[in-house]
Amino acid sequence: MIKQISKQNIMWEEAIPGGAHWSFLMKRGTALRITDVEGGANLSALFYNREEKLERYNMADTLKAQHTAHLTKGFVCYSDMGRVLASIMEDTCGWHDTICGMSNAVLVERKYGNADYQQHRNAMHRNARDNFLIELGKWGLGKRDIVPNVNFFSKVSVDDAGDLHYETNHSKAGDFVDLRFDMNVLVVMSASQHPLDPNLKYAPKPVLLQAWTCGAAQKDDFCRNFRPENVRGFYNTELLFG
Amino acid sequence: MAIVESKLAAQQACFDCVLPAGESWLHEVKRGQIFRILDLEGNQAVDTLFYNAHNPEERYSAVDTIREQGNLYLTAGTRLLSTEGNVLMTIVADTCGRHDTLGGACAAESNSVRYAIDKKYMHSCRDSFLHALGHCGCGMGKRDLTANVNFFMNVPVTPQGELTFADGISAPGKYVEMRAEMDVYVLISNCPQLNNPCNAYNPTPVRLLIWDETRH
Numbered sequence: 001m002i003k004q005i006s007k008q009n010i011m012w013e014e015a016i017p018g019g020a021h022w023s024f025l026m027k028r029g030t031a032l033r034i035t036d037v038e039g040g041a042n043l044s045a046l047f048y049n050r051e052e053k054l055e056r057y058n059m060a061d062t063l064k065a066q067h068t069a070h071l072t073k074g075f076v077c078y079s080d081m082g083r084v085l086a087s088i089m090e091d092t093c094g095w096h097d098t099i100c101g102m103s104n105a106v107l108v109e110r111k112y113g114n115a116d117y118q119q120h121r122n123a124m125h126r127n128a129r130d131n132f133l134i135e136l137g138k139w140g141l142g143k144r145d146i147v148p149n150v151n152f153f154s155k156v157s158v159d160d161a162g163d164l165h166y167e168t169n170h171s172k173a174g175d176f177v178d179l180r181f182d183m184n185v186l187v188v189m190s191a192s193q194h195p196l197d198p199n200l201k202y203a204p205k206p207v208l209l210q211a212w213t214c215g216a217a218q219k220d221d222f223c224r225n226f227r228p229e230n231v232r233g234f235y236n237t238e239l240l241f242g
Numbered sequence: 243m244a245i246v247e248s249k250l251a252a253q254q255a256c257f258d259c260v261l262p263a264g265e266s267w268l269h270e271v272k273r274g275q276i277f278r279i280l281d282l283e284g285n286q287a288v289d290t291l292f293y294n295a296h297n298p299e300e301r302y303s304a305v306d307t308i309r310e311q312g313n314l315y316l317t318a319g320t321r322l323l324s325t326e327g328n329v330l331m332t333i334v335a336d337t338c339g340r341h342d343t344l345g346g347a348c349a350a351e352s353n354s355v356r357y358a359i360d361k362k363y364m365h366s367c368r369d370s371f372l373h374a375l376g377h378c379g380c381g382m383g384k385r386d387l388t389a390n391v392n393f394f395m396n397v398p399v400t401p402q403g404e405l406t407f408a409d410g411i412s413a414p415g416k417y418v419e420m421r422a423e424m425d426v427y428v429l430i431s432n433c434p435q436l437n438n439p440c441n442a443y444n445p446t447p448v449r450l451l452i453w454d455e456t457r458h
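Order-wise, the sequence lines are chains H and B.
Quick note: the first sequence uses the working numbering, first residue 1, plus one each step.
Quick note: the second sequence uses the working numbering, first residue 243, plus one each step.
Please keep in mind that the hints were generated in silico from the structure rather than gathered at the bench.
Note that CB positions come from ideal geometry on N, CA and C, so glycine has one too.
Incorrect hints may have been included.
[Claimed, not checked] In silico lysine-lysine, BS3-like type, Cα no more than 30 Å apart, as pairs:
1. H/7 to H/27
2. H/219 to B/272
3. H/201 to H/27
4. B/361 to H/53
5. H/53 to B/362
6. H/219 to H/138
7. H/219 to H/143
8. H/73 to H/219
9. B/384 to H/143
10. B/362 to H/27
11. H/138 to B/272
12. H/53 to H/201
13. H/111 to H/53
14. H/7 to H/73
15. H/138 to H/111
16. B/384 to B/361
17. B/272 to H/27
18. H/73 to B/362
19. H/219 to B/361
20. B/384 to B/362
21. B/249 to H/53
22. H/219 to H/172
23. B/249 to B/272
24. H/27 to H/219
25. H/143 to B/272
26. B/361 to H/73
[What the hints assert, rightly or not] Listed next, the stretches of chain H that the computed footprint assigns to chain B, with coverage defined by at least 3 CB atoms under 8 Å from CB atoms of chain B:
27. 49-62
28. 74-85
29. 109-122
30. 137-145
31. 148-158
32. 172-180
With the hints as constraints, model all of the structure from the sequences given.
Spelled out as structure tokens, the structure:
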């Protein structure tokens, strides 16, 4: 059952235009629905403990704790401190990438050519790494804080030889993912094309963000009980919040 | 999996040491030097990070390395890329055939999640990393720890997207060798993990060797 968010519950709603970046704070017990408005979006994201930003999303710990190489409903995003930053409560697209990193200036220029602000105004070509540096700079963070990220709405699978396969047309218009924040989290996002997107055109897609209050994870929570490791991850998280 | 052997002889190495399990090692490898890690007893995880020695803000990037080679596993021919897209190291010889870079390093906290809450008091790779950085006087610390290489570890991903911890494919005497493409700090934790069957619950020493550019 996919829960509809009622308009009254929504704390705020914002659309991030394709190519743009933003960062904001989410409190423990709040949730964020991220919707792929047009289909084919990619949202590169990182999560930090807002009180102690040295604690951050850890791709390796997230994957090995849950014996997975992708993210979908039930999986949680672990910090490097064994705590749950965010949980995936719902997901209509089934696979989010976290092993391919983000686009950068060289990659974007190589694939799409140069388009500067002077000529193109806000349609200039942007890249995720520079977008992250700008957002992180607002919080006193920088290059040392950029670690392997989540790419919401993108699927990259791995065959038996280890070769990567980017799946085109993975996320459809209206697909969404619901994240519950289990800590007080700084969220940093860039609506940039996935670095393996074979599209020859610079065409980053917008995403819609809707935030609401959902409450902290209960004892019977789906994500908490999704794996035995997650029970311990929530225990560690609750030591911080009592 | 390409098996590529080295022509270098240990007696010509300019550096040669044995690193016991549970120890860390931070060392500069100069551009052009060849660095070898030798698995003395087999299936030992060697958790390794690389930094530009002149600007450690530029460091190994697992995800850029994977993506740019289009393949998840590290082996001979792999170029270990930095966060700035430069080549830190090129793997020039490998008799193991496949190395992991998704599994990261063990830590007190991740051990508490993966195994049991009371495992957090056991020694871990991150403790070794932090110990080495805490003593180095180089201004680096936890903020500089990122996704690392696990030399000799076999962590296959299935087409369905599951991460599995398979039996090791390394063995006593297997090695991996890489050429530094810039002056690089190499930070190693020779993994002390006792909860994982990957190393048969038995962490063992590894041998580290460096050759100068002119000697090969």
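Review point. Keeping to a limit of 30 Å between CA atoms, is the pair of residue 219 of chain H and residue 143 of chain H held or broken?
Key: Violated, at about 38 Å.
| query | CA of residue 362 of chain B to CA of residue 27 of chain H, is that 30 Å or under? | reply | Holds - the C-alpha atoms of residue 27 of chain H and residue 362 of chain B are around 27 Å apart, at most 30 Å.
* Sort out whether residue 362 of chain B lies within 30 Å of residue 384 of chain B, counting only the CA atoms. => With Cα atoms ~17 Å apart, residue 384 of chain B and residue 362 of chain B stay inside 30 Å; holds.
Checklist entry - Taken at face value, is the distance from the CA of residue 362 of chain B to the CA of residue 73 of chain H at most 30 Å? => result Distance ~28 Å between residue 73 of chain H and residue 362 of chain B Cα, so the pair holds.
**Asked** Are the Cα positions of residue 219 of chain H and residue 361 of chain B separated by 30 Å at most?
**Response** The hint holds at about 23 Å.
Checklist entry - Taking a Cβ-Cβ distance under 8 Å as contact, does the stretch 49-62 of chain H have three or more residues in contact with chain B? => result That given contact holds, which follows from 5 residues of the stretch 49-62 of chain H lying within Cβ reach (below 8 Å) of chain B.
Subject >> Restraint check for residue 361 of chain B with residue 73 of chain H, where alpha carbons must lie at most 30 Å apart >> reply: Judged against 30 Å, a Cα distance of about 28 Å means the pair holds.
Would you check the hint for residue 201 of chain H and residue 27 of chain H, treating anything up to 30 Å between C-alpha atoms as holding?
-> With a Cα-Cα distance of about 37 Å, the restraint between residue 201 of chain H and residue 27 of chain H is violated, given a limit of 30 Å.
Taking only the CA atoms, is the gap from residue 138 of chain H to residue 272 of chain B under or equal to 30 Å? Violated - the C-alpha atoms of residue 272 of chain B and residue 138 of chain H are around 36 Å apart, more than 30 Å.
Would the pair residue 143 of chain H and residue 272 of chain B pass a check requiring their Cα atoms to be no farther apart than 30 Å?
-> Answer holds: residue 143 of chain H to residue 272 of chain B is near 24 Å, not above 30 Å.
**OP:** Go check the stretch 148-158 of chain H versus chain B for me, would you? Three or more residues, Cβ under 8 Å, otherwise it fails.
**Re:** Our answer is that it holds, as 4 residues pass the Cβ test (under 8 Å) against chain B, meeting three.
Requested in this report: Please work out if residue 219 of chain H and residue 172 of chain H have their alpha carbons no farther apart than 30 Å.
Outcome: violated, 33 Å
Of the numbered hints given earlier, the model fails hints 2, 3, 6, 7, 11, 12, 13, 17, 21, 22, 29 and 32; all others are met.
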